[in-house]
Each structure stands twice: as C-alpha cells, then as structure tokens.
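Trainee: Heads up: the sequence lines are chains A and B, in that order.
My numbering applies: residue 75 is where the first sequence begins, and numbers increase by one.
My numbering applies: residue 202 is where the second sequence begins, and numbers increase by one.
Calculated from the structure, these hints are not laboratory results.
Glycine residues also receive a C-beta, built at the ideal position from the N, C-alpha and C atoms.
Wrong hints could be hidden among the right ones.
The following residues of chain A were derived to be distant from chain B, with all beta-carbon distances above 10 Å [to be verified]:
(1) Leu-160
(2) Leu-204
(3) Trp-208
(4) Lys-212
(5) Asn-337
(6) Ile-353
Here are the in silico distance ranges between beta carbons for each label pair [said to hold, decoys possible]:
(7) Thr-378/B to Gly-132/A: 32 to 38 Å
(8) Leu-261/B to Thr-286/A: 36 to 42 Å
(9) Leu-327/A to Trp-347/B: 43 to 49 Å
(10) Trp-347/B to Ile-117/A: 27 to 33 Å
(11) Trp-191/A to Thr-378/B: 40 to 46 Å
(12) Ile-117/A to Leu-354/B: 33 to 39 Å
(13) Met-386/B to Leu-327/A: 49 to 55 Å
(14) Thr-286/A to Tyr-487/B: 38 to 44 Å
(15) Leu-273/A to Tyr-389/B: 49 to 55 Å
(16) Gln-493/B to Leu-327/A: 48 to 54 Å
(17) Phe-361/B to Gln-336/A: 29 to 35 Å
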Amino acid sequence: MLGSFAVLRKQSLLGDAISHAALPGIAIAFLITGTKETNVLLIGALVSGLLGAFWIRGITKRTHLKSDTALGLILSIFFGFGMLLLTYIQKLPNANQSGLDKFLFGQAATLLARDVWFMAIVTFICLVVLLLFWKEFKILLFDADYAKTLGFNIQLIDILITSFIVIAIVLGLQTVGVVLMSAMLLAPAAAARQWTNSLGVMVVLAAFFGATSGVVGTAISASQNNLSTGPVIVLVAAVFVGFSFIFSPSRGLLFRQIRFIQNRKDLELHKTLAFMFEIAQDHEDVSHPHAIKILNNFYGYTRKSLGKLERKEYINVAGSMWSMTPKGYHFAANLYNQQKNENE
Amino acid sequence: MSSAQIEIQLIASIVAIACAIPGTFLVLRKMALISDAISHSILPGLVLGFFITHDLNSPLLIIMAALSGVVTVVLVEFIQKTKLVKEDTAIGLVFPVLFSIGVIMIAKNANDVHLDTDAILLGELAFAPFDRFLFDGLDLGPKSLWIIGTILLITIGLLFAFFKELKISTFDAGLATALGFSPIMIHYGLMSVASITIVGSFDAVGAILVVALMIAPAATAYLLTDNLKKMLGLSVIFGVFSAIAGYWLAHWLDASISGSMTTILGIVFLIVYLFAPKRGLISVLYRNKQQQIEVSLLTFLLHLNNHQEISERHINHLNEHINWRRVRSKSVLDLALKNNMITIEKNIISLTDKGKNFTDKAIDYIITNDHSKIESIKEDFFLFRG
Numbered sequence: 075m076l077g078s079f080a081v082l083r084k085q086s087l088l089g090d091a092i093s094h095a096a097l098p099g100i101a102i103a104f105l106i107t108g109t110k111e112t113n114v115l116l117i118g119a120l121v122s123g124l125l126g127a128f129w130i131r132g133i134t135k136r137t138h139l140k141s142d143t144a145l146g147l148i149l150s151i152f153f154g155f156g157m158l159l160l161t162y163i164q165k166l167p168n169a170n171q172s173g174l175d176k177f178l179f180g181q182a183a184t185l186l187a188r189d190v191w192f193m194a195i196v197t198f199i200c201l202v203v204l205l206l207f208w209k210e211f212k213i214l215l216f217d218a219d220y221a222k223t224l225g226f227n228i229q230l231i232d233i234l235i236t237s238f239i240v241i242a243i244v245l246g247l248q249t250v251g252v253v254l255m256s257a258m259l260l261a262p263a264a265a266a267r268q269w270t271n272s273l274g275v276m277v278v279l280a281a282f283f284g285a286t287s288g289v290v291g292t293a294i295s296a297s298q299n300n301l302s303t304g305p306v307i308v309l310v311a312a313v314f315v316g317f318s319f320i321f322s323p324s325r326g327l328l329f330r331q332i333r334f335i336q337n338r339k340d341l342e343l344h345k346t347l348a349f350m351f352e353i354a355q356d357h358e359d360v361s362h363p364h365a366i367k368i369l370n371n372f373y374g375y376t377r378k379s380l381g382k383l384e385r386k387e388y389i390n391v392a393g394s395m396w397s398m399t400p401k402g403y404h405f406a407a408n409l410y411n412q413q414k415n416e417n418e
Numbered sequence: 202m203s204s205a206q207i208e209i210q211l212i213a214s215i216v217a218i219a220c221a222i223p224g225t226f227l228v229l230r231k232m233a234l235i236s237d238a239i240s241h242s243i244l245p246g247l248v249l250g251f252f253i254t255h256d257l258n259s260p261l262l263i264i265m266a267a268l269s270g271v272v273t274v275v276l277v278e279f280i281q282k283t284k285l286v287k288e289d290t291a292i293g294l295v296f297p298v299l300f301s302i303g304v305i306m307i308a309k310n311a312n313d314v315h316l317d318t319d320a321i322l323l324g325e326l327a328f329a330p331f332d333r334f335l336f337d338g339l340d341l342g343p344k345s346l347w348i349i350g351t352i353l354l355i356t357i358g359l360l361f362a363f364f365k366e367l368k369i370s371t372f373d374a375g376l377a378t379a380l381g382f383s384p385i386m387i388h389y390g391l392m393s394v395a396s397i398t399i400v401g402s403f404d405a406v407g408a409i410l411v412v413a414l415m416i417a418p419a420a421t422a423y424l425l426t427d428n429l430k431k432m433l434g435l436s437v438i439f440g441v442f443s444a445i446a447g448y449w450l451a452h453w454l455d456a457s458i459s460g461s462m463t464t465i466l467g468i469v470f471l472i473v474y475l476f477a478p479k480r481g482l483i484s485v486l487y488r489n490k491q492q493q494i495e496v497s498l499l500t501f502l503l504h505l506n507n508h509q510e511i512s513e514r515h516i517n518h519l520n521e522h523i524n525w526r527r528v529r530s531k532s533v534l535d536l537a538l539k540n541n542m543i544t545i546e547k548n549i550i551s552l553t554d555k556g557k558n559f560t561d562k563a564i565d566y567i568i569t570n571d572h573s574k575i576e577s578i579k580e581d582f583f584l585f586r587g
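The following block holds chain B by itself, in its conformation from the complex (with noise of 0.2 Å):
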C-alpha cells in the first residue's frame, strides 16, 4: 500500500465520520432531503466566490457556498412557514432554482475555468492527495485532509458541547423550548455545521457520496437501535467500514471511487434492511405471519368459548364457520393442541381449564385494555407485546 493509498483511506474516513454525525440528527429530525439540496445549492455560492477572488483555492469558496447552503435552507422555510405548499415541495422548488442560476453563471461568465458541473457533483478522491498543503515548502499532506479534518474537530467539539441540548430539541423540541432552550438556534447551528461539512467533503468527494455518507449510515444505524449515543457510534462505523472497502472495490475494478464507496454503502443497507434483528424486512414479515396465528387462534377459541353446543364444536364445522381455509384451520388447532388448550374427543373440541383460563383473560384486556391482566400470557405470545 503505497502512502497516496492511506491518504485517500484517511480522507474517505474523515469524510465519512464528519458527514455521520450531523447525518445522524438529520435522519432524525425528519430532514435528510436537506442535504441533497444544500449539496446542489452550494453551487452559485461557489460560483459567486469564485468571481470574487478569481481563485479557486481560496478559503472564500468554501465560506461562500456554506452561506448558499444556509440561504437554501432559510428559504425553504420561509416558503414552508407561507403555508403555501409542504416542506418537501418547498425543498424540491429551491435547490434546482439556485443550482440553476449556478450553472448559468458558469455558462455565462466562467466557461474556461475548470469549474463544471460533474466536477462539483462526482468529485474524484483519487486526486485528493495530489493538492498538497504546503508551508514553508515544507509539505503536511494533503490539503483536503486538513480541511475536512479541522470541520470534523469542530464538529466533534460542537457534539460534545451541545449534546444534550441537541438531543432534546430532536426528539422534543416542545420539553427543549420549555426549558429555555432555543430550538431555532440549534436548528440553525445543526443546519451550518451540515452546511459546513457538505462543502467541506464535496470537493474531495462529490455532492452525491457527500450525501449517500450523510443519510445512509444514520439510516442503517437506526434500524438497528433505538439509542442516540449507539446510533452516533454504530453510523460512524458504518460509513468508516464503507469507505475503505468502497475504496478497495474501486480499486479493483478501476472505478469511481465515490462511486464505489456509495454502492458499499447500499449494500450494507440493503443487507441490515433485509436481516435487522427487530427492523428488517425478513424479521417484519415473520412477526407478521406470527401475529395472524395468534390472531387467529384467539378468535378460534373465542369460538370454542361462546359455543357450548355439540354441533359447534365438531372439528368439521370450524372451517365454515369461521371460513378458514383448511391448511390454516389444521395450524391453528396443533397450536392450540399442543398449548394444551384444547382437547379432542371424537372430533368434538373442548376448552381444558387453561385454554378457558387464556381466554377469559384474554376477553378481560379486549374490554378492559388493562396490561396488568396480561402479564402472564405474554410469555407465550408478543401479541400483546407494546
């Protein structure tokens, strides 16, 4: 592994854990659409930097377009607060308007400069290392390494300072208001440090990886848990382990980096979406399928409960009655057989004494919904779990 290997490991790395954490909040807050559009705004702040200083590595770009990247967001809710369309259409109106008069005043004024629009929104890491920063001719690494890794500090520094005040306006910004917080300020300051990261990261990275490494880490994380500080650490882990192999994909398809690490990114959700021990596709479907039974169950011996008749109870005349298909009619009583909640007798069906126990309890929290009642029963069955 040569040194220009590591470099771009770190940087993806970097890139990866400070898009994490303001990513995190994001998902949170129900705002992770904000991030591809401050990622397509920043573009005229850009642009205007670049008129002014006529340089392209100058500190004033990045300022420049981080403010377009608050403007963005400042407009979206002036247009959301008019009450004249929703959040989502407010956020899909201003991005392209503000992306477009960027690629107009590129097309216009700055043609031969190298500032276009796949340059903005792929970016290409592997020349990361390339742009050196350099003091006193002495060389220090790569300058986007430095960049992003200042922003990551400061995020960092900024987490840690705010944390509880950032955690309680997330989840109630109501209790946050109460307690002389001010919601607005820390919706602001969340908004400038993803403003902030957004522009840091893209020029190493591209707008789009800038916001697969926002959303898809905090997204992955919180299918798996339900703990802020865990979710924080987990989608750190998740973007780090993506950036890497994302880079060692590239590498050995000879492709896009970004590109690669984005698809890292996607597998490793589609992989936590199907297989999430409580969230995930398969374990949903199964639960599912369970609760059917159970249902199903308790209204075949509701069933049982209500009729005393010899007739009702004859083990034919449960698939007309209830209009159960054979197969599941079949399930349901080796269920309840082996609960021992039933017993059969020449095809006739009686309740045992648990079986009348279960659902005379079990009619006692349909009517009363009291919990307290159903402790016992839990045990055998999540039906009546949450």
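Just chain A, same shape as in the assembly (with noise of 0.2 Å):
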C-alpha cells in the first residue's frame, strides 16, 4: 500500500536499500540487549533503517551524487558493516545467537501469533494515519511547491512517509526477507499503477494486489514441499505485474497495440476518402458515379476498404461504379478541417 507512495515518488528502491540498511541495527540491538526478542530487534532494524533512509535523503541534497548511486551506497555500507556485526557476534561466547541471519532471508513459516498480531496493529495504525493525512500525502505527491505554498510543512509529511516506508519494510522483512521486500514493495503498486490513474484507487488496488499475491503465494509453496514461501509469493506478484502490463485497458501494451494498428486503418481509409473527395469535387453533382478503375493508379483502396466506407455510408458502390453520398462529401469535406481544428 505504502509502495504506491514510493513507486510515484521515484523512489522505489529506497525499499531495497532499507531493507538491507536494516541488518546493522538487528546486529545491534542483538549486541546490546543480548535477547533475540522480535520486537527489541525490530525497534533495531527501524532506527538503522531510519538513519539510512536520511541519510540517502541527505546525500541526494546536499552533494551532486545521484539518487541511484546514493542508494547503492547506503545498501552496500549498512549491509556490509552488518556482516561484519554478525559474523562479529557468532564468535562471542554467546549461545543463543543462532538464527540472527533468519531476519534477513525471511521465513513466514516461523512467525507466531503474535507477531501477527503485532503487524496487523501496526497495519491498521498506518492506515489510520493514511486516512488522516490523505489530503497532505497526496498533495506533496504530486506538486511539493504547491504544498509548500499553502502552508504545509512538507518536510514534516516527507518524514511522516518515509518512516511509514520504514515501519512497512521493517515488518515485512521476517516474512519475505530482504531481497524479496522490495518486490513486494513495488509490484502491487506498479501493477495497480497500471489500471488507474487516481491515486485512492490505486492504493486500494495495490493492496489487493498484495494481499491476493500473499494469500495464493503462500497456498501454492504450502501445496508443495521444499518450496520457500518469499519467492513464491514475490513471482506471484510478479504475473500480476506482466497481466497489468499487458492487459490494463488504457496503458497495456496490447490494447496500445491495438490503438495503434486501428488509427493507422483508419488513415488509409481517410487518405481514400479524400482521393474520391478531390475526384468528386470536379462535377457539380456531388453523387456522379465515377468508375473503380480511376482509382488504380492510387494505391491504398482495396475491396475491403471500399466495403467499409460503403457500410458508413459515405459512397455508393454499383458494378465497377462508385458514387459518394452527400454525407461521405460532407464528411470528406471537413475532415482535414476538423484535424487544423484539433491541432489549434
């Protein structure tokens, strides 16, 4: 859901980059409390995964390096500097530090009840804020100057989003693990982007996605065994991307297709037309008939397309005759008329 945000803000690997800044605060929390309590971890996760989100934030404004390259490089350094936490901890004569690294692959087979329970409070706290701040979110979203204009604090609202992202990222992490997050992230919200064009449909749409991707995900690596639930579920997801991609009415790729192959017949049929306009125009009665053949010399009429106009009633065909109508004329007459009109 929250992905929608960051999918139309362009900063959709942001999700990557948290999900893997967040390993040094597991680390953390572990060396300091020395528990491996989901929650103690979980408040670990989110403060690193805060810190990397500014920080990426903080080298996008003040230097010249790319957001790209600023994200890449917060994900490697958090990642990195918490192997070296983990690997660090493993050599401690600690002995319940096992199962540190299932945080980062994820598995949803092991989360408890309460964790649920948990992530279903916290779900249910993010869109209660959503709810409330709608208006500002949206506003930010599409024109930041606007906002700011009208009294907003935007960067209040920008940190509001991002930390949301974080939280969402954080919970999401136990179930699919780090890598997969990110898809989870944006596929729902890239496939939901494809159906609509308002933003309140697609958050809702995106999180249908989601949620059908889990539900079917989960039953088919359930179905079958030594399959992981994560990678399931992220390639789930997935089809539901290239079916968006695909099929959407007004942005798919096959009915852009089909757009595209219907305007060029309808040229051709245009480009006749105005040939017989112009042969039609010579005699003062507009439906003199006028044999086929004079159409030779011009390609681009078939039967097929002669049938057509004739099913539109702009021209009459009789034997190797045609005629135009006094509609097809009028027609003819301002169909170039009406394209300088559409141009103006």
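Could you use the hints to bring the two separately framed chains together as a complex?
Mentor: Dropping the structure here:
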C-alpha cells in the first residue's frame, strides 16, 4: 500500500536499500540487549533503517551525487557493516546467537501468532494515519511546491511517509526477507498503476494485489514441499505485474498495439476518402458515379476498404462504379478542417 | 604475514581495482543500481549453469551468470521502454523476480549441493587461497586470483582502447551518436564488462561487497574531483586502500573480511562526505551560510541606496524595516563597516563611495545578468561566482 507512494515518488528502490540497511540495526540491538526478542530487534532495524533513509536524502540533497548512487552506497555499506557485526557476534561466547540471520532471508513459517497480531496492529495504525493525512500526502506527492505555498510543513509530511515506508519494510522483512522485500513493496503498486490514474483507487488496488499474491503464494508453497514462501509470493506478484502490463485497458501493451493498428487503418480509409473527395469535387453533382478503375493509379484502396466506406454510408458502390453520398462528401470536406481545428 | 594473508590482500586489491573501473562509469551514467540488480540476478544463471555441467568449478557457470546479468539489463531496458513504469521501478521489479526463480530452482532441485544463498550473497574471502589453480601438478596460486586477474586485464585493455568513446558517450550521448559511435554498443559493452566483473568477483568477495566496491569508491572520488581520469585513479586508490585496511580490521575483530572491507569503504565515504573541500557537507553548509550573509549585506546596501532620508538610515530603523534579528543586523553592519562600504555618524548610516560603487555594480548585474560587470566584486564575495 505504501508502495504506491514509493513508486509515484520515484523512490522505488528505497525499499531495497532500507531492507538492507536494517541489518546492522538488528545486529546492534542484539549486541546491546543480548536477547532475541523480536520487538527489540525490530526497533533496532527500524532505527538503522530510518538512519539509512535519511542519510540517502542527505546525500542527494547536499551533494551532486544522484539518488541511485546514494541508494546503492547506503545499501551496500550498511549491509556490509551488518555482516561484519553478524560475523563478530557469531564468534562471541553466547549461546543464543543463532537464528539472527533468519531475519535476513525471512521465514514466514516461523512467525508466531503474537507477531501476526503485532503486524496487524501496525498495519491498522498505518491505515489510520494514511486516512488522516490523505490530502497532505496527495498534494506533496504531485506538487510539492504547491503544498509548500499552501503552508503545509512538507518536511514533516515527508518524514512521516518515509518513516511509514521504513516501518512497513522492517515488518515485512521477517516474512519475505531482504531481497524480496523490494518486490513486495513495488510489484503491487506497479501493477495497480496500470489500471488507474486515481491515487485512491491505486492504493486500494495495490493493497488488493499485495494481499492476493500473498495468499496465493502461500497456498502454492504450502502445497508442495521444499518451496520457500517468499520467492513464490514474489513470483505471483510478478505475474500480476506482467498481466497488468499487457492487458490493462488504457496503458497496457496489448491495447496500445490494437489502438495503434486501428489508427493506422483509419488513416488509410481517410486517405482513400480524401482522394475520392477530390474527384467528386470536379462534378456539380456530388453523387455522380465514377469508375473504380480510376482509383487504380492510387494505391491504398482494396475491395475491403471500399466495403467499409460503403457500410459507413460515405459512398455507394454499384458494379464497377462508385459514387459519393452527400454524407460522405460532407465528412470528407471536413476531414482536414477538423484535424486543423484539433491541432490548434 | 603468511603467504595466505598476502594472497588474500592481493585478491581483494585486484577485485577492488577491477570493480572500481566499471563502477566509475556506472555512477557517472546514473546506473549505479544496475550493479545491485545484476549481483542478485546472476543467481538463476549460476544455477542453470550448474544443472548443465553438474560441476561447481566449470567456467560455464561464470558465462551463464554473466549472461543472466546481461539479460537483467535487457529486461530492465525493455520494461523501461514501454514507458509504463520508471527505470528504478523496472530494476526493482526485475531482479527480485530473477532472484526468486533462482532460489526456487535451488530449493526444488539442488538442495543438497553446496550452492546456497548465503554463500552467494556474502562470499568468503578467507577461503579463496585454499582453492588453488593446479596445472600439471604445479601450484600456480589461488584460482580466484587468476580469474579476477584476467578480468582486470581485459577491463583495463578495453578501457584504454575505448576510453575516448566511453567518455563521450557518458557525458554527451547525442554528440557520440553524431560522431558515429554507437552509444547502444558502448552501453551494452559496459554492461557486459560490469556483469562479468561482478560474476568474477562475487565468488571471492560476495555480491554485496561487489556492489559496495563498485559504487562506493567511485562515489567518494566523484565528491573530490570532476576530472574523469582523476576520478578513475582516485576510486582505484580508495578501493585498494579499503581492501587492505578492511582485511586487517577483519583480522583484528576476527569477523567477515568482506563485511569489514565494506565498513572501511563506508567510513572513507563518510569522511569525504563530511570534509571534502568543495562538495563536502561541512563546506556546503559553510558556503550556504556565507551566501546568506552576502545576500543580507546586499539587501542592506540596496536599502541604503534607495533611501536618502535620515529617518530611514537610522541604525535602529534597520531592525524593523528589513525585519532582521538583532544579532544578524549587527553582523551585517560589521561586515559592511569592515569592507569600508558604510560610515556611521551619530547612528546615521551613509554609503561610502566604495559602497555606492559596489551597489551600482550589483544592481547592474541583477538587471543585465552580465558577468563581465562583476569581475572586480568576485574577489570579495563568492556569491556571484558561478
């Protein structure tokens, strides 16, 4: 759901970066407290995720490095630091260090009922905040300068959105793991974007796509053994995206191609009609019949296209002769005028 | 220092150099994240290669992996070309999918083989010297040293051969096309080199470190210089430095070598980020502050220039008219006094000749935007620079 905002803000890969950046937080939280209490580790992950997110913003704002460089930098450096800490922890004489790396790759099966409740509550809070600040989010998203002139504190709203994305990511980490988290964030939103131009509809759709791919993916992975949940969920989500890319009515590839071909056919017809119009113009009687043969030195007409024109009642065909109807004449006369008007 | 230690440092340094070169271009072309995507999506290629040969050491694995890296790039570009989503979203969609396919293939078919995600993502440099390259029973050193050495040689060869083309197409793709180079060819060439380098390095140092070695030195160097050659040189130096320093940090902490190399890279970047002479955070903040004062000074002088009345020029009037706080007014006043631009008599401020001159020039500049007018002011203020 929050992914919608990330996608529209061109920060899609933020999810990837943050999910990697959460690792040192987990390790440090463990080093300090020595427990494997989920909540403590989550707070650690949250803090370092936020730190990473804001450092990325700092880099792109203050220096001339581009956001992709900043993202990649933070991602790899935080993750490497996390690895350093993890290997360091492994060498410590402490019995309960194992399983920390489970956080990395995620194990939906290891989730306890308590964790699920916790996630549900956080999701609910996210929803409430989203609804409360809906207007502000929307304005910031599409026209930050306008939001500023209206007197909104854009920095605060920005921080709010980023924080919620980080929270969502950190929670999701346990389920699908670091690598696949970014897909979970992106795929539903990217799919939803293809179906609508309205932010509200998009958010709802993205939530729906996400939930569906979660359920379907889990079902598939449960039906076979040896199939980890995370990757299957991601693949299901990818299928959604592919389907949306191709079949969405207004933006999809398939319909775009169809529209393209249709436009081209229309143009051909209009070309023929315009040619006929020029011939018909020479006679006082518009509907004076002409031989089809004189169309021969002009390619672009076929029996089919003539038939089509006749069906539209622009011309009448009788034997080897054709004649223009008044309706056709009128249409052809306005053919170029109309286009001129549209262009202006 | 044992010979194994020397070998590890040697491998790490060579990997660092081999990564820094394509990394520089990736950063300049704003495609840094492609390296991250490639490093993840080579997994299915590796697995496929393994299925074909059933041999973890076969060169086919590297070729397949490099191929799947290129496939990633092609897929990303394809999705991007449909204009349905932005480039970063395209990257974020492609590589998790490929990675998932790889994970599932491992889980379904090769569960009992030494090919697990941890090893691929994290790598372990410490084991590199144990995998020796034997030829006729002769020990020719660690195998990864040979692999990455060859890749480095090829990369350097290509760099020298196509330096001009790379440079032009990176900074001005339009000009490159006009001159008859094919930017697409160069693009895919660079991508292939990056892909091969990532594959060749990752089994020594792990996927994450490869990404770090590609992006971090180049980004650090970019903060320090604008010159492409200097940037290449600097990023190589940073890479090698972090490789060696990272090794000793890992030795001291008894932790993962790749992790500590990345950490050193991060520290180096942080230092440069804060203290770089022109682009560093501190100098940027300092410059902003400086500019703020200069703008204030200019506003103040213009104000004086506009008002001849005594009441408008009284020292206490400043606060209410321009709406500045006391401290700020005082610092601006001091600055103007120090530069001999104003004189104060009985709390009435008047412009000196120099101040009048300066103000006129500034007005001229603001109206005409003509750079030649302000050459002399530039000495005193860098507000007008650039």
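Trainee: Which hint numbers does the structure go against, in order from smallest to largest?
Mentor: 1, 10, 11, 12, 13, 14, 15 and 17
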